[in-house]
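Undergrad: Top to bottom, those sequences are chains P and B.
With the numbering used here applied, the first sequence corresponds to residues 103 to 206, in that order.
With the numbering used here applied, the second sequence corresponds to residues 1002 to 1092, in that order.
Heads up, none of these hints are tricks.
Straight-line C-alpha distance at most 35 Å; calculated DSBU-like pairs for lysine-lysine:
id	chain 1	residue 1	chain 2	residue 2
1	P	Lys122	P	Lys173
2	B	Lys1006	P	Lys173
3	B	Lys1016	P	Lys171
4	P	Lys171	P	Lys122
5	B	Lys1006	P	Lys125
6	B	Lys1006	P	Lys122
7	P	Lys173	P	Lys125
8	B	Lys1016	P	Lys173
9	B	Lys1016	B	Lys1006
10	B	Lys1006	P	Lys171
11	P	Lys171	P	Lys125
12	P	Lys122	B	Lys1016
Derived from the structure by calculation, the hints contain no laboratory data.
These figures come from a predicted structure and were not determined experimentally.
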Amino acid sequence: MTLCRVLGTVVSTVKHPTYKGLKLYVVQPVDEQDRPAEPSFLAVDTVQAGPGDLVLVNSEGNGARQILKEKMLPIRSLVVGIVDAVDARIPAGLPEGAVARGDA
Amino acid sequence: MYLGKVVGTVVASQKAEGLEGVRLMVVQPLNTDLTPRGNVLVAVDAVQAGPGDVVHLVSSREAALALPVWFVPVDAAIVGIVDSVDVEGRP
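Chain P on its own, in the form it takes in the complex (with noise of 0.2 Å):
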């Protein structure tokens, strides 16, 4: 899963009609330092979370068809998660960051 934060939504009235009354975010994912990482995408959201919100992302079909309980479901990434903290001690020698480590 993937840390991100909610950067804005997604407006779209004709759509697969699962999509219909769920809402469709905008994430960019982070480092442990809380900085882009990667480039942004889409994710539905199933937690009630915000734009600016710090998030756990789901990317994998089969955990969106348990969650949104739907065998036919045109949907892979999904908001799983509003977190509180993050609390990463990168090794020494590691250098800080996605930046610096070559993953962004």
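Fit chain B to the supplied structure of chain P, relying on the hints for placement.
TA: Then chain B, alone, in the frame of chain P:
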């Protein structure tokens, strides 16, 4: 799941069985600030999108679940036509 812009259509008469009657669209993937990213790809259309539409897509196995027909061999599906992308701090 990502954003894209429909830039054309694809016709293929000789194709895998599951692809009959499926609309194949050429899509330019977009960053969430709507700038183009990477190569164009071909996606199946599940919502009657047309050339010029900004759309959102789902990838990999879940793309096959966008169509009513069971098991279509596709890895990208258009699942919504985008009205707006409202991202704070960016136009």
